[in-house]
Amino acid sequence: MTVLYKQGKGGVIMSYDKYSKATKETAENLRIIDDAMFRLVAGRKGVCQEILRTLLDKPELKVIRVTPQSVITSLHREIILDVLCVMENGAYMNIEMQKGSGNDDIKRNRFYASSTTAAYTPKGTDFTDIPQVTILYITEYDALHNGQMITHVKRCMETREGFVPVDDGEDIYFVNTVVRDGSDKSELLQLFLRKDVFEETKFPELSKAVKYFKETEGGFGEMCKTVEDYAKNYAKDYAEEREEIVREEERKNAEKREKTAREEERKNAIRKMLGSGLSREMILSMNYSEKELKAVEKELS
Numbered sequence: 001m002t003v004l005y006k007q008g009k010g011g012v013i014m015s016y017d018k019y020s021k022a023t024k025e026t027a028e029n030l031r032i033i034d035d036a037m038f039r040l041v042a043g044r045k046g047v048c049q050e051i052l053r054t055l056l057d058k059p060e061l062k063v064i065r066v067t068p069q070s071v072i073t074s075l076h077r078e079i080i081l082d083v084l085c086v087m088e089n090g091a092y093m094n095i096e097m098q099k100g101s102g103n104d105d106i107k108r109n110r111f112y113a114s115s116t117t118a119a120y121t122p123k124g125t126d127f128t129d130i131p132q133v134t135i136l137y138i139t140e141y142d143a144l145h146n147g148q149m150i151t152h153v154k155r156c157m158e159t160r161e162g163f164v165p166v167d168d169g170e171d172i173y174f175v176n177t178v179v180r181d182g183s184d185k186s187e188l189l190q191l192f193l194r195k196d197v198f199e200e201t202k203f204p205e206l207s208k209a210v211k212y213f214k215e216t217e218g219g220f221g222e223m224c225k226t227v228e229d230y231a232k233n234y235a236k237d238y239a240e241e242r243e244e245i246v247r248e249e250e251r252k253n254a255e256k257r258e259k260t261a262r263e264e265e266r267k268n269a270i271r272k273m274l275g276s277g278l279s280r281e282m283i284l285s286m287n288y289s290e291k292e293l294k295a296v297e298k299e300l301s
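Position 192 of the sequence shown, counted from 1, bears residue number 192 in our numbering, the numbering being contiguous throughout.
Simulated from the structure, these hints should not be mistaken for laboratory data.
There may be inaccurate statements among the hints.
Calculated pairs, BS3-like style, for lysine-lysine (alpha carbon to alpha carbon, straight line, at most 30 angstroms) [stated by the list, open to error]: (1) 298 <-> 256; (2) 62 <-> 211; (3) 272 <-> 256; (4) 252 <-> 291; (5) 208 <-> 24; (6) 291 <-> 256; (7) 211 <-> 18; (8) 99 <-> 256; (9) 45 <-> 202; (10) 294 <-> 256; (11) 195 <-> 45; (12) 195 <-> 62; (13) 225 <-> 99; (14) 21 <-> 211.
Simulated restraints, written as ranges between beta carbons of each label pair [unchecked claim]: (15) 157 <-> 123: 23 to 33 angstroms; (16) 80 <-> 25: 22 to 32 angstroms; (17) 193 <-> 247: 39 to 49 angstroms; (18) 217 <-> 248: 44 to 54 angstroms; (19) 269 <-> 242: 33 to 43 angstroms; (20) 67 <-> 101: 18 to 28 angstroms; (21) 78 <-> 232: 18 to 28 angstroms; (22) 255 <-> 160: 20 to 30 angstroms.
The beta-carbon is built from N, C-alpha and C at its ideal position, and this holds for glycine as well.
Take the sequences, apply the hints, and build the full model.
Have a look at this one:
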């Protein structure tokens, strides 16, 4: 058996013979904004806290618990949050990473915020005690097409003087890596796009996490396993989707065959009635259409 190795920093040799070349190459090229890597680094409270403090301008904010890939099941739909953070004050903050556009980002975030609110509001809770929910939606494109790196979206009331924010406990921040302004926020967002290891003193927790998953045997092994799990899940989802398509095609074909059979039965009945000498008026009075009758008459002419 061929044993493959990865050269770690400081000359440390790490063996990964259990993973394919494609898996290792994929793991090496992962960026923080990629799902497979973000779910790993987001499992660290310090990383989430560093991201939230920087992008929300809240240096005193404190994260007490994080849940990567948090599942919320509602009556009609299940959603998976990239990471749900519980804050010291009891508020919930969801950090989402999104690469591909075409997601109806605005309505998606509306649904995520309301689903999170409903899921984490105990039965019988007074409206005044409904938890604060914040969505930090980070994209590799300008989701709002407004040329701003960060946009705070909040409900407002319209008054004669203009629009005034309403404190309903829900905040959504649209953040993108496209717009750059040279700030610490912009510098952090650009780190999400890097494939290599970095040591950025402004963001020590993120730097440490990336270093662990990219350069240590345990961390890189976790990344390779995550890549394989993703591949298996995608393959499973594709197979299930394909099965559903096949079932739908079979159903449509069965309906089509059944419709054709019914039409042929009605034509046969008309043929027999015409052959028996029944008049057109009599046949039409028996719930057969003019179109059906003419089609059979044309066949017999």
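Legend entry - Hints the structure fails to honour: Of the numbered hints, 8, 22 do not hold.
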